Amino acid sequence: MSSLVEVRNVHKVYKRDSFTVPVLNGISVSVPKGDFLALMGPSGSGKTTLLNLIAGIDRPTSGQVIVDDKEISAFNETKLATWRASHVGFIFQMYNLIPVLTAFENVELPLLLTHLNKAQRKQHVAAALSIVGLSDRMTHYPRQLSGGQEQRVAIARAIATDPTILVADEPTGDLDAKSAHEILELLHILNTDHNKTIIMVTHDPKAADRAKRTLHLDKGILVEDQNAQPAFGVR
Amino acid sequence: MKFTKLIVRNLFRSKLRTFLTLTLMAAIFFFVTTLLSILANFEAASNSGEGQNRLGVQSSISLANPLPLSHEQKIRTIPGIADTAKLQWMGAYYKEQKNFFANFAVDHEKLATVWDDYSTPKEQLEAFKADRTGAIVGPELMKRYGWKVGDRVTLIGTIFPFNPTVTIRGVYHHKFDSSSFFIHWDYFYESVKDINGGMVGTFWVRVKDPKDMARISQQIDDMFKNSEYPTETFTEKEFQQQFMAMIGNIKLLFTTVSLCAIFMVVLLAAITMSMAARERVTEVAVLKAIGFSRGMILTLMLIEFVTLGLIGGILGMFGAKIVFKFVNMTEATQGFLVNFGVNTETAATCLIAA
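Chains as they are written, first to last, in this note's numbering: chain C, 1 to 235; chain F, 1 to 354.
Don't read these hints as lab results, they were simulated from the structure.
Quick caveat: nothing in here was measured; it's all calculated off a predicted structure.
Misleading hints may appear alongside valid ones.
[Claimed, not checked] DSBU-like, lysine-lysine: derived pairs with alpha carbons at most 35 Å apart:
hint, chain 1, residue 1, chain 2, residue 2
1, F, Lys288, C, Lys15
2, C, Lys33, C, Lys219
3, F, Lys15, C, Lys70
4, F, Lys5, C, Lys79
5, F, Lys2, C, Lys70
6, F, Lys5, C, Lys118
7, C, Lys122, F, Lys5
8, F, Lys2, C, Lys15
9, F, Lys74, C, Lys122
10, F, Lys15, C, Lys33
11, C, Lys118, F, Lys288
12, F, Lys15, C, Lys118
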């Protein structure tokens with residue numbers, strides 16, 4: 001397996017007025033293609049910050065983030081936005097669907113940034129909604145869906161562009177046990193059957209159990225790597 | 001455009017707010033359209049070409065200061081003048097002070113020649129000339145007070161202690177003036193000669209060739225420069241503008257109020273935009289996360305609010321157009337606005353502002 005994501009000695013410091021708050025302290029992580037990595041740790045440990053750096057939402061204070069052989073930490077904001085559109089699929093805890101758009105239109109949203117024509121977009125959306133089992137809910141608005149269904153639409157939105165990596169921030173944090181199980185099952189299928197590389201932040205050990213690997217962060221430092229694979233684990 | 005659906009859905013996401021914002025914007029644009037149309041109406045009257053061969057001569061001190069009648073003969077000696085006439089503002093009203101309108105004593109023999117843009121049926125004009133107590137009246141006044149040709153009407157004087165009782169002998173027609181009242185000069189003069197003997201408010205000069213207007217204007221003023229009653233001569237357009245200036249700088253006032261109103265629209269749009277942006281913070285973050293650039297998100301929001309402004313502008317402007325098509329503004333303003341409507345230029349200005 002080749003390394004898809006390389007995080008090299010990354011530091012992240014936030015400035016709050018006159019204070020500087022170090023969040024990540026020299027993190028190095030390697031994620032192979034097809035991996036399903038869970039990031040765990042207490043609140044404020046830096047796991048969401050690390051996820052955001054890997055997803056190109058934020059840039060490190062120092063260090064490098066390399067995804068698919070591109071050093072995205074060196075990209076400017078515009079280039080990062082373009083890169084995210086085609087390489088990253090986001091799954092949020094609160095689903096974050098656009099309330100005024102239907103399920104179909106929500107899934108279509110990231111495709112609007114591509115050069116696909118209307119027919120091609122429709123094909124992609126139908127395929128994504130089919131994978132998450134919501135082909136019959138295309139015309140429903142978010143308010144007409146259950147939490148689990150909303151999250152599945154969000155997953156369909158995340159995979160519609162066939163991104164290089166899927167990043168999920170507490171994807172089951174707002175769901176009941178049954179829906180959470182369904183979402184984790186779906187992520188598992190995406191990882192095993194569709195070979196999607198998934199990086200997931202979670203507090204839930206059950207959710208982490210569905211991942212191939214789990215990394216623990218505490219105060220901006222990786223403290224342990226369960227089920228570490230020597231070539232791609234913590235270095 | 002791929003994003004049309006997103007823009008339209010966002011535009012109507014809060015239907016009540018959108019409705020209220022649009023209503024307010026439409027109301028403001030209705031107001032602006034009305035103000036600009038009034039201005040355009042004034043300017044159209046001044047620039048209409050009517051009276052382009054006419055000069056007004058008044059005292060250089062002020063319009064309220066009279067000139068001696070003897071000036072007229074001297075003015076007539078200047079080459080290039082077709083005719084001259086006396087015109088006296090009377091400032092009278094009908095029955096009650098609220099029934100005020102423009103009323104003048106006019107050189108009855110010259111009404112048709114000096115004011116050739118005022119048309120009166122020939123037999124009515126002749127009847128007016130022949131009757132010392134005759135009057136020629138605008139159609140709007142006839143309608144307003146239910147007068148008919150042949151009716152006897154008494155006006156109550158304010159400037160002069162003279163209440164003319166006249167018989168309406170005819171109705172004139174003019175493109176912009178529909179509410180003036182002209183009485184016979186002889187009747188006026190004989191009634192006030194004890195107190196206003198030998199004096200008149202203004203002379204009006206019809207010039208043979210409009211190209212000579214500037215020269216003749218200068219010659220008239222030069223002629224009386226060193227006299228006891230120096231004159232100031234204006235083109236009719238300047239005269240009307242000076243008259244308008246007497247009731248304030250209307251153009252500046254209307255333009256300022258219009259600009260303030262448009263500024264209010266901008267503020268309103270900015271408030272609505274900031275409210276919408278604030279409630280969409282999470283959505284903006286999501287859009288950014290899935291690859292929308294900051295510029296694109298801003299562009300989409302700007303398109304949304306420009307569309308809102310444009311719809312408000314169109315509603316207000318067309319609302320004004322429709323209202324003024326069906327409302328008789330001449331009647332509503334008692335003849336102050338004649339041939340009033342929203343012209344293409346005003347409509348375009350409002351849409352650009354939107």
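Hints, verified against the model:
1. Lys288/F <-> Lys15/C: Distance of about 22 Å is within 35 Å: holds.
2. Lys33/C <-> Lys219/C: holds, 27 Å
3. Lys15/F <-> Lys70/C: Cα-Cα ~45 Å, so violated.
4. Lys5/F <-> Lys79/C: Roughly 26 Å separates the two Cα atoms, so the pair holds.
5. Lys2/F <-> Lys70/C: holds, 29 Å
6. Lys5/F <-> Lys118/C: holds, 13 Å
7. Lys122/C <-> Lys5/F: Holds, at about 15 Å.
8. Lys2/F <-> Lys15/C: violated, 39 Å
9. Lys74/F <-> Lys122/C: Roughly 89 Å separates the two Cα atoms, so the pair is violated.
10. Lys15/F <-> Lys33/C: Violated - the C-alpha atoms of Lys33/C and Lys15/F are around 47 Å apart, more than 35 Å.
11. Lys118/C <-> Lys288/F: Within the cut-off at roughly 22 Å; holds.
12. Lys15/F <-> Lys118/C: holds, 28 Å
Consistency with the previously given hints fails for numbers 3, 8, 9, 10, ordered from lowest to highest.
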